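Going down the list, the sequences are from chains A and B. Take the first sequence: its position 31, counting from 1, is numbered 31 in UniProt numbering, and each next residue is one higher. Take the second sequence: its position 17, counting from 1, is numbered 17 in UniProt numbering, and each next residue is one higher.
These aren't lab readings, by the way, just hints derived from the structure by calculation. Be aware that a few hints might be false.
Heads up, the list lumps identical chains together, so a pair's fine if it works in one copy or across two of them.
With a straight-line cut-off of 30 angstroms between C-alpha atoms, the simulated BS3-like cross-links for lysine-lysine are [as the list claims (entries may be wrong)]: (1) Lys202 to Lys85; (2) Lys120 to Lys210; (3) Lys85 to Lys143; (4) Lys143 to Lys202; (5) Lys142 to Lys252; (6) Lys142 to Lys120.
Keep in mind that this is a model prediction, so the values were computed, not measured.
Number of protein chains: 2
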Amino acid sequence: MEPRLAILAGTGALPQILAAGDPQAVFVSFAGVDVEVPDGLIHQPAAFDRLGTLFEDLHSHGVTEVVFAGAMSRPALNPASFDAKMMTLAPRLMAAMGQGDDALLREVAAVFTEEGFVVKAAHEVAPDLMLPAETRIGPVPKKQDVADAQKGLDILTALASMDVSQAVVVAGGQVLGIEVIQGTDAMLGFVAQTPTHLRRAKGVLVKGPKPGQDMRIDVPTIGPDTVRAAAAAGLAGIYIPAGGVNVLQRDKVEQALAETGLFLQAR
Amino acid sequence: MEPRLAILAGTGALPQILAAGDPQAVFVSFAGVDVEVPDGLIHQPAAFDRLGTLFEDLHSHGVTEVVFAGAMSRPALNPASFDAKMMTLAPRLMAAMGQGDDALLREVAAVFTEEGFVVKAAHEVAPDLMLPAETRIGPVPKKQDVADAQKGLDILTALASMDVSQAVVVAGGQVLGIEVIQGTDAMLGFVAQTPTHLRRAKGVLVKGPKPGQDMRIDVPTIGPDTVRAAAAAGLAGIYIPAGGVNVLQRDKVEQALAETGLFLQAR
């Protein structure tokens with residue numbers, strides 16, 4: 001059977017980017033998730049409380065692979081709308097939900113696998129999303145930036161078992177922000193308000209996957225907005241592990257780096 | 001020799017509280033640190049770049065013990081003003097400063113010890129600062145609050161080796177804030193802005209010492225402002241390890257808890 005991809009669309013630019021690269025894909029939008037449906041692709045509407053119906057629809061389109069793309073906030077499920085399949089899945093998904101968003105996403109991926117779909121990572125579908133190792137755009141990081149990046153990675157590693165953070169800001173050895181549920185942009189907004197007397201250096205944003213995380217779901221991303229938010233927070237640049245972060249809209253990222261003077265370093 | 005205490009005053013309410021409890025103490029204020037000098041105590045002005053002079057002054061007052069009280073931001077040192085003692089101490093202190101605020105404070109405490117002073121913890125001088133174990137003020141924490149408090153403690157423990165945080169907010173299993181350099185009130189202000197759809201429960205503030213930290217310096221504190229900031233962030237209450245946090249102005253803390261309906265639990 002020809003492989004055929006379904007893009008399970010969340011918010012943000014990623015679903016559109018994947019759609020542009022695969023005109024044969026099926027584009028799945030979920031009720032309650034605000035996405036723009038691209039022209040030219042088969043569009044399959046779906047609902048979280050009717051996953052059995054979605055599985056049938058995907059099989060009827062000949063879909064063999066799925067990719068989770070973009071951000072999805074935790075859905076409000078309505079048991080009255082459950083289809084038969086969802087009735088059997090709900091207890092598992094509810095139990096996973098109680099353990100956190102990552103556990104829920106892992107369980108959802110497991111369910112799709114059991115239904116016969118290969119769950120692909122976004123960067124497997126579009127390898128250009130990840131920067132090759134040692135890529136640098138913009139100025140050369142200073143020695144302090146390199147040390148700050150290492151401290152940021154150490155903090156992400158220390159927090160790995162707690163499953164809470166994918167981004168940290170360190171400046172002159174001092175930690176100015178640790179991302180939690182509100183996301184990277186909100187954390188950078190907080191960092192921007194740090195009183196001047198507490199800042200010793202411009203600092204760097206370090207963003208990367210939680211060590212050991214499933215790279216098919218909840219992969220950290222940066223885009224042009226991340227660069228501009230980092231610049232507004234007064235930072236010198238951004239560090240990402242090569243192969244660990246999806247860089248969305250690379251041309252616009254490069255433009256934002258050129259305009260703000262920040263560096264982006266993949267290592 | 002009679003023990004005699006010197007209060008090395010930083011900002012906040014703690015120096016005044018300790019002064020009120022020991023009328024024989026010497027109250028030391030440092031140039032550039034904005035403190036209110038209490039009536040009735042011997043007042044000894046001092047400067048960070050003339051520590052040798054301070055040691056002589058303290059000895060001449062018969063001081064045998066010192067206590068670091070309140071917050072001090074990193075001083076700007078002027079080598080042109082150094083006294084002879086400070087000339088010999090400066091390289092040590094500068095080296096410690098490069099390793100962070102905690103390292104600097106530990107080195108300063110070591111220097112006072114070498115000069116013959118016993119460095120006391122604030123709660124050794126004023127034992128009422130700490131709540132006895134199992135103290136609870138306000139409503140009984142819910143089961144979710146207890147679980148959230150445990151997760152908060154786990155995060156502080158995970159970060160212990162990184163020396164960055166004394167406070168965390170957890171709500172319904174989700175982490176809403178991790179305190180870094182800006183302090184607890186700023187972190188609570190950030191938590192207060194969390195979008196409603198990301199909040200599953202009111203949540204708790206967990207504040208405690210870094211595991212293994214020197215309890216004579218940089219001991220975490222809460223006061224009435226902490227209670228009000230936690231209330232403004234929509235939290236259900238505050239957890240502190242018994243014996244780990246100084247509770248300043250306990251009467252005002254109790255009044256703020258009564259007015260806001262939050263709990264304070266020491267365990």
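Status of the hints after comparison with the structure:
no.	hint	verdict
1	Lys202 to Lys85	neither (53 angstroms within a copy, 34 angstroms between copies)
2	Lys120 to Lys210	within (18 angstroms within a copy, 41 angstroms between copies)
3	Lys85 to Lys143	neither (56 angstroms within a copy, 33 angstroms between copies)
4	Lys143 to Lys202	within (12 angstroms within a copy, 42 angstroms between copies)
5	Lys142 to Lys252	within (24 angstroms within a copy, 48 angstroms between copies)
6	Lys142 to Lys120	neither (37 angstroms within a copy, 41 angstroms between copies)
Violated hints, in rising order: 1, 3 and 6; the structure is consistent with all others.
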